[in-house]
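J.: Take the two lone chains and join them into the complex the hints point to.
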Amino acid sequence: MRRRTALRAALLAALPLAAGCGIQGSDVVEAGGAPTVVVQPIPESRMLLYFLGPHGEPMPVSRDTDTTYFPLPERTRPEGGPGEADAASAGVGPGFESGEEPPYGSSPATVKVLAALLAGPGGAEFQAGITTELPESGGPIRVESEPAGGIRLRAPFAARELSRGAVVQLVCTAAYAVDRSGTAPVTVEGPDGALPATTCEAAAG
Amino acid sequence: MKTCVPGEEPGAEHEAGPSAHAPGPSARTPGPSAHAPAAGPGYGTAPENGAGETRPRQEDAPARSRRGRTRGRGPRPFGLRTRLVFAFLLVAAVGCGTTAALTYRAARSAILEQTQNTAVSAFRQQVEDLNISLPLDEGSLRDRLLHIARQGKPRPWRVYAEYGTLRVSSTDRPTSSVLTPELRARVHARETTPHTGFQRVVTNGTPYLTIAVPAVFLTQVGGEPQPTGLVLYAVMELREDEANIEALVTAARDGALPALAIALIPALIAARGVLRPVRELRHAAASMGRGRLDTRIHAKGSDELADLARTFNESAAELERSVTELRRAEARARRFASDVSHELRTPLAGMLAVTEVLDEDAGSLDSDTARAVRLISAETVKLAVLVEDLMEISRFDARAAELHTDEVDVADCVRKTLSGRHWTDPEQVHAVLGEGIRARLDPRRFDVVVANLVGNALRHGRAPVTVRVHADGGSTLVVQVSDRGPGIHPDVLPHVFERFYKADPARARSAGSGLGLAITEENVRLHGGTVEAGNHPAGGAVFTVRIPL
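Heads up: the sequence lines are chains A and B, in that order. Taking this note's numbering, the leading residue of the first sequence gets 1, the next gets one more, and so forth. Taking this note's numbering, the leading residue of the second sequence gets 1001, the next gets one more, and so forth.
Since the hints were derived computationally from the structure, they do not count as laboratory data. Where hints are given, some of them may not hold.
As the list claims (entries may be wrong) - Beyond 12 Å from chain A on every Cβ pair, some chain B residues (computed): (1) Arg1272; (2) His1283; (3) Arg1290; (4) Arg1296; (5) Glu1304; (6) Ala1329; (7) Ala1333; (8) Ala1349; (9) Ile1376; (10) His1460.
Said to hold, decoys possible - Here are the in silico distance ranges between beta carbons for each label pair: (11) B:Pro1174 with A:Glu161: 34 to 44 Å; (12) A:Arg4 with B:Ala1329: 51 to 61 Å; (13) B:Thr1171 with A:Gly25: 20 to 30 Å.
Here a beta-carbon is modelled for each residue, glycine too, at the ideal position from N, C-alpha and C.
Just chain B, same shape as in the assembly (with noise of 0.2 Å):
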């Protein structure tokens, strides 16, 4: 019954002659192009490449969403950028922190000592200057201490003086309340000789330097000191080095920030270096995962990165030799069946001319060469049928079938295919044809949906056969085809549109050819649509096809 619609079709006739002219398959063009007109004007244009080209459009949509996510995602948070840019400062922050911080320390220890130490020195020059007498008078003593208080070296001085009860300074005040116990405790001590002393206080914010002097004299040249009593403090402010050390952490600061900047540019250079590299992996990876295997990356440099570009660009090179391999051997394979069928063609359609004249002929032959000549006829007709078959079904395996729309009214349609193979008695097939829908299908491959579906009922069902049509939401048609016979076996039901499946092992040959329903199956979805088989509850088989509109 299939006959009809590939037998029909006037391109077939057409190509078979072209076909015949060629000397032989040695000298054909290769490749399924040769083919492509065989289907006729209207199919079959399509270059081989072009499946080439089918197979990434169709996968474009979803890998140009997934590039444009992972585009569209600005600077991570935590990416390789910012931490590298994190770590680099880090470190800056830390090498510059660490050297401020002991450089400062250094430093603040050296102005201090340098301050101390003169402080210290010239106090002691000044006591060393004394000339006494013991014991001392408040007059004299005064006197003494506002010549020392003159002399403040690096930095101007108070002088306090304590003999015995009196308290004495060059100041308007007898004593300081900045000198400490522990310090008059140190030069008071009389366990140990004598010792000059000195300490910082901070007093009230302020800091202060504090030396205290113990002044000793000598009973006879070279002897032993002895003490006299009397003490001597002197009072330094120490603002001005506070303030020299302040400076100094400004400088520190002042330093450390520009560092830390400058840190910034070998960060964002490192960054760059190991991102772009990244990037264009990433890049390559996604074009090859689109099908692009002769995506190469340019490697340069000899760091760990060019040598993952490098390996990538080899491990593309081979997957792409294996992949072209494989095509190549795919080709080979999908020409081969088109060209066996074609070279078939050819005889078989000289075969039918020669089985009809003998068909016609048989009546006035005896029965046994009367039966013999119809079964070559029927059987010459069931081959030249699974020729087209198979040539229909090379041509969607070279992704060589098009589709041609028409806007048609579906009910037309369906009654065309019915009448057109004689399927008019109700009893046999009966139609529920929702009228007035109109599609986009292309006439001829509908025809052929329809037509196989119809007669695989009534070849596998039992009649009466029932076949629906109706839009379902207004969105998509839906034909429906059931039949009253035993059903499909559930086991089964998964393969029923497979090539060639069998459903009874045992029952080697069928009326069809094997090929009707993956037919079906490849022209609905040329349309877009979706054909499934079923059971219906209350028996028999129902196979739906459903067509976007």
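Okay, chain A solo, but in the shape it has when bound (with noise of 0.2 Å):
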């Protein structure tokens, strides 16, 4: 009796040993935070559209401002007047870097971007899976700024029926547009109602 236990004793020192040999999946280990890459172009240059992955995550898309085709620059012209000396203001960035903050409503750079964003994705974009929720747009999205803070949109498609994507996408691409932090708050309004303000890191959280 003593001596099985005594056995016993022997084999449970030795099963740590036995049992633990070789190298043994894991689970996932997280090891720090993401590393950062640098997207070309600099970020005084370029313009960032979201657009939404296979799954439906927003996936940004950089544009250099000064050779990017802008498809609609005629149609948003007549709004306002001083398009073409705005496009290359927006080369500078929209006003951070000079000091003088312009009122966001009147930044026709964001204006641009979110036409930009309506037009959809390129030929790159579409060859990565990049795709938009966002419905043809009849006319362009008017960009206001609101007194409490923040911008907002006047879609002139329903904001309502618009898909979670489709608001992340606008919602995004607006608070970049006018600050390259993209902390404002958006709130899209279409002809049927308005959706409650929200930000970039809210809206694709």
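T.: Right, here's the structure in full:
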């Protein structure tokens, strides 16, 4: 009896040695934050358009403001007279570095960026499976500055029928267009009414 | 009647001489050794310490067989040595095993951590060096992956990238089956800020390290990093680490086995240290049991076993002292009985001579005086018999009685005994003697045996007494003496051979000395035989003597 107990103890002592040999698989282990890559072109000469990935996740697309193909510059011109001049000024940012901050709504660059978003993904983006959920738009989206801070997008399409992904696209694109920190609250309004104001982070989360 | 034997013994007469010359008991050489020659040339040559020799010799046979049994026993399966060795080995095994296991685990996680940390930080570094445009196109992504794939640290890796629906890798297969859905789900999780993750995966027995890195970018300096939608994976084989870890196991085993072997040495030393004193103690105890009371153990050291040895020695010394004391007292008592009978013998010899003369002249005396003289004469003879019997008994007690055997014809011997006592009347003593039985006997002692038994039967039983002699199965001489008396009462039977035992206490005086049957028994025992008393179913006592031929 006592010998059996001793034997058991010996086996128990040898168990970790026998059981734990070799390399075992593991769970997923988090190892710090994600690495930051440099995205071309430099922030000052690019605009960020948020499309959607194959699983509906927001996918930012960066376009050079100088060389980007604007499909709808003519359409925006009637609204903002100095459209071409603004396009040039957008190259140095929407007034952040200049010190004098123009009111959001008056930023013609934002309007142009939204127009580019509405135009949908281009060739390379199609290749990567990037899509948009925004509806075909009959007209441009107007941008207004809110008194309480943030901006209001007046879309020519029904806002309440927009999918969640489409809202993320609008909110994030607009937010990063007016402010590179992307923290401005955005209200999307359509002919059928307005959605509550939200930030890009909240909408994407 | 018993007078015939001791009285007729020539040695007894010789012996009276020297003893008579002795000035007194105080001047006499003490000890029965002085009396030894008294038994005559044939008897009592054994010295007193011979008694001490005889006892061990008798007990030697069983003792030897016992010792042989214990010595013959080999190493016991669960003896002290086995248990000690087992315990030592167990402790060593547990110690080695635990140490090896813990060391192994620590070393293994150190090796793996080292590899993982190096790989993760190297991969992150490679990704951080990326300079991309969004969206990514397959061609440029592939170029970058091929570049990263060449920078594998600490071991080569394969690199995979996922961007939208694009699947690009540094190998010819765009995706890897090693990457688990959990790892993918973790890096694609939108709820939390993106993190680098890694996972060890064992596929088909090969361990892999898989690292997943979601690439983020900054929208402004110091801003929140935003996901680019690009996720890079690195897959690294851990074969080399596995080999290193296996080397650890081998090292642990190679270290543990010699440790176990080395543990055997102290185990055996410890077992020896315990077993040797125990063995000594056992031998000493056995030796004591064989009567060697002077046995002592060499006790050294200060451990419990040495204490035990010392206690044993003290006990042995005490025992030896007590036993010596007892033996001395016993010897003194025996010597006293022997001395007394010796001292009585000389005056008795003189008295016997005088009473013989008086007996012859009794006829000329007046009747009262004649009766008194005859009475004195008879009692003196009895006294002489008693003294002779006492001396004989004390020789037995002193173990000074010796057997002087001779090849004799038993029937002749018995006939000689009967005729020597004038028991020739068949009405009185009827002898049925098997002829031609030859045995190695001490004729004098055999004579005493037969005479005592027949005399006893005549005295206490009734005639005719029958003496039968035959050989039982050719190996035992049987002498049977029966009478036609009332037999022996069953209560008395067990005591008939005791000294001075009186069957009827009221009958204080009897014709015999009260030592006759005791002397008979001692003589038979000296021949290595037995004597027993019983009752014949048809009536009468039967005494049977059996002596091996």
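J.: If a hint holds in the structure, say so; if it does not, say that too.
T.: Tested hints:
Every Cβ of chain A is farther than 12 Å from the Cβ of Arg1272 (chain B); the closest lies at roughly 22 Å, confirming the non-interface assignment. For His1283 (chain B), the non-interface assignment is confirmed: its Cβ lies about 30 Å from the closest Cβ of chain A, beyond the 12 Å cut-off. The claim that Arg1290 (chain B) lies off the interface holds: its Cβ sits roughly 37 Å from the closest Cβ of chain A, which is beyond the 12 Å cut-off. No Cβ of chain A comes within 12 Å of the Cβ of Arg1296 (chain B); the nearest lies about 37 Å off, and the non-interface call holds.
The non-interface label for Glu1304 (chain B) is consistent with chain A: the shortest C-beta to C-beta separation is roughly 22 Å, beyond 12 Å. With a least beta-carbon separation of about 52 Å from chain A, Ala1329 (chain B) lies farther than 12 Å from that chain, consistent with its non-interface assignment. In this structure Ala1333 (chain B) is separated from chain A by more than 12 Å, as the shortest Cβ-Cβ distance comes to about 56 Å. Against chain A, the non-interface label of Ala1349 (chain B) holds: every CB pair exceeds 12 Å, the least being about 79 Å.
The beta carbon of Ile1376 (chain B) sits about 85 Å from the closest Cβ of chain A, which is more than 12 Å, so the claim that it is off the interface holds. Distance check on His1460 (chain B): its Cβ is at least 68 Å (rounded) from any Cβ of chain A, clearing the 12 Å threshold; non-interface status holds. The beta-carbon spacing between Pro1174 (chain B) and Glu161 (chain A), approximately 37 Å, falls within the hinted interval of 34 to 44 Å. Taken as a hint, the range 51 to 61 Å holds for the pair Arg4 (chain A) and Ala1329 (chain B), whose Cβ atoms sit roughly 58 Å apart.
Taking 20 to 30 Å as the suggested C-beta distance range, the pair Thr1171 (chain B) and Gly25 (chain A) conforms, at roughly 22 Å.
Consistency note: the structure conflicts with none of the earlier hints.
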